[in-house]
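Engineer: Each chain, letter by letter, is given below.
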Amino acid sequence: MKIKVWINNKLFEDVIEDDTLLIDYIRTKGYKSVKRGCETSNCGLCTVWLDEKPVLSCSVLAIRANNKRVLTIEGLENEAKEFTDFLAKEGAEQCGFCSPGFVMNVLAMVKELDDFSEENIKEYLSGNLCRCTGYMGQLRAIKKYLKLKGEL
Amino acid sequence: MFNLKELYLAKNLNDAYDTLVSSKNNCVIGGGMWLKMSNRAINRGIDLSNLNLNKIIEDDDKFIIGSMTSLRDIENSKELNLEFHGYFKKFLKGIVGTQFRNTATIGGSVYSKFGFSDISTGLLGLDTYVELFRGGIVSLEEFNKMEWKKDILVNIIIYKNKNLKAEYESLRLSKTDLPLINVAVSYDKKLKKFNIVVGARPNLSKRAVKASEIISENYNYIDKGLDLISNELDFGKNMRGSKEYREESSKILVKRCILKIMEDSYENKGMDK
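Chains as they are written, first to last, in this note's numbering: chain Z, 1 to 152; chain P, 153 to 425.
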């Protein structure tokens, strides 16, 4: 089927197989930050924004992104850098494999939530698994970042 | 991952149904979150995205939730959570993660009759009906018992009840895993009736009718009622837990729900935690 998708504000038009997954389509366009970590829709590594909402690109058919806007971390470089500086300062970045998906969901959370209690933060981000750095450092970084943003 | 020849955007419900029954290998694709885990060969996947079924409509006595509404939209619905005191958030928040719930649909979850379903258990706690294109409107309890037949799930209908208080509890090996047991309890203050539902046993959610009756009759019979749950419902084992573990933990979760609803405490009742 023919699709028309904006990835990071750049328009792509292609004819693709109907069962192509969004993650595979995005990667063929060179956005390699989007990764597969689990194959079971559980890890959150493949998180991208589809019309401003964070979704698992490994579980969405690419044709469902037809006429929609996709954002990956490559398209949010400045916002991402602002937050990842905090991650680095807190030592919350070891292998970095889960970071792109995690950062996309953190930025979505900052946009969506009003109340940033620790419980709400944990709940919002529970679908982003990290297997080496650990969650405490991430949480410290998020809290400091939110303070900078005037949310905490 | 499944193999799909064509994703077909249905023009209307008639069209969707005709396409569905025209071939054995045609099926409706909701969010596609679970379907993705299979390696089925699908001829035409029917997409209901263009049928305006992603909305929650409120009228005087009920909510009508379109089958393509995402779990996240339901969880965040101010109207639903106001009417049922945040109940929807309680049973949806444990499902994988925010991103997953942005894509997973209520229709896909209910129609698939998953044994581990938080949604089925949560909805059975309320007065919930399923609207099928061919099968008409049936109660969710009835739908869960019905033999599997191809149909289009159009809406989920939930009746309002100002006298209802509902609570939900689940047990998981890790927070975002599938539940190894889940329970919903609702209490109608006017009728003085409890409604106990137990799911992920690991079979599809069911009402514990006798236990609900005994406890409704006399709140002091709570422990006697809880013991009945394992007699009347079929518990089993899988990789997440044994039959016995599920039986015991279901009692504790039901008790927690009941005490929360009655604003009572273990100490007050002189019960074991």
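Derived by calculation from the structure, the hints in this document are not laboratory data.
Heads up, the beta-carbon is just placed ideally off N, CA and C, and yes, glycines get one too.
There's no promise every hint is true.
Covered by chain Z, per the in silico footprint, the following chain P stretches (three or more residues, Cβ under 8 Å) [unchecked claim]: (1) 153 to 160; (2) 182 to 193; (3) 358 to 366.
A few chain P residues that face chain Z, going by a derived Cβ cut-off under 8 Å, partial list only [said to hold, decoys possible]: (4) Gln251; (5) Phe252; (6) Ser291; (7) Lys327; (8) Thr328; (9) Ser382.
The list that follows gives simulated cross-link-like pairs (lysine to aspartate or glutamate, DMTMM-like), each with its CA atoms no further than 20 Å apart [stated by the list, open to error]: (10) P:Lys245 to Z:Glu13; (11) P:Lys241 to Z:Asp24; (12) Z:Lys68 to P:Asp225.
Engineer: A separate judgement is required for each hint: does it hold in the structure or not?
Structural biologist: Hints versus structure:
1. Only residues whose C-beta sits within less than 8 Å of a C-beta in chain Z count toward coverage, and the stretch 153 to 160 of chain P has 7 of them, enough to reach three; the restraint holds.
2. A count of 5 residues in the stretch 182 to 193 of chain P with a Cβ less than 8 Å from any Cβ of chain Z is obtained; the coverage claim is therefore met, three being the minimum.
3. Coverage of a stretch by a chain is defined here by at least three residues with a beta carbon nearer than 8 Å to that chain's beta carbons; for the stretch 358 to 366 of chain P and chain Z the count is 0, and the condition is violated.
4. Hint status for glutamine 251 of chain P: holds, given a least beta-carbon distance of 5 Å to chain Z, under 8 Å.
5. Checking phenylalanine 252 of chain P against chain Z: minimum C-beta separation of about 6 Å stays under 8 Å; hint holds.
6. Residue-level restraint check for serine 291 of chain P is violated (minimum Cβ-Cβ distance to chain Z is 30 Å; threshold 8 Å).
7. Using the Cβ-Cβ criterion of 8 Å, the hint placing lysine 327 of chain P at the interface with chain Z is satisfied: the shortest such distance is roughly 6 Å.
8. Because the smallest distance between the Cβ of threonine 328 of chain P and any Cβ of chain Z comes to about 5 Å, under 8 Å, the interface hint for this residue holds.
9. Proximity of serine 382 of chain P to chain Z is violated relative to the hint, the smallest CB-CB distance being about 31 Å (cut-off 8 Å).
10. For a cut-off of 20 Å, the pair hint linking lysine 245 of chain P to glutamate 13 of chain Z is broken: about 36 Å separates their Cα positions.
11. Using a Cα cut-off of 20 Å, the hinted pair lysine 241 of chain P and aspartate 24 of chain Z is violated, with the two alpha carbons roughly 32 Å apart.
12. Between lysine 68 of chain Z and aspartate 225 of chain P the alpha-carbon distance is near 19 Å, which keeps this suggested pair within the 20 Å criterion.
In summary, the structure is inconsistent with hints 3, 6, 9, 10, 11 from the numbered list given earlier, while agreeing with the others.
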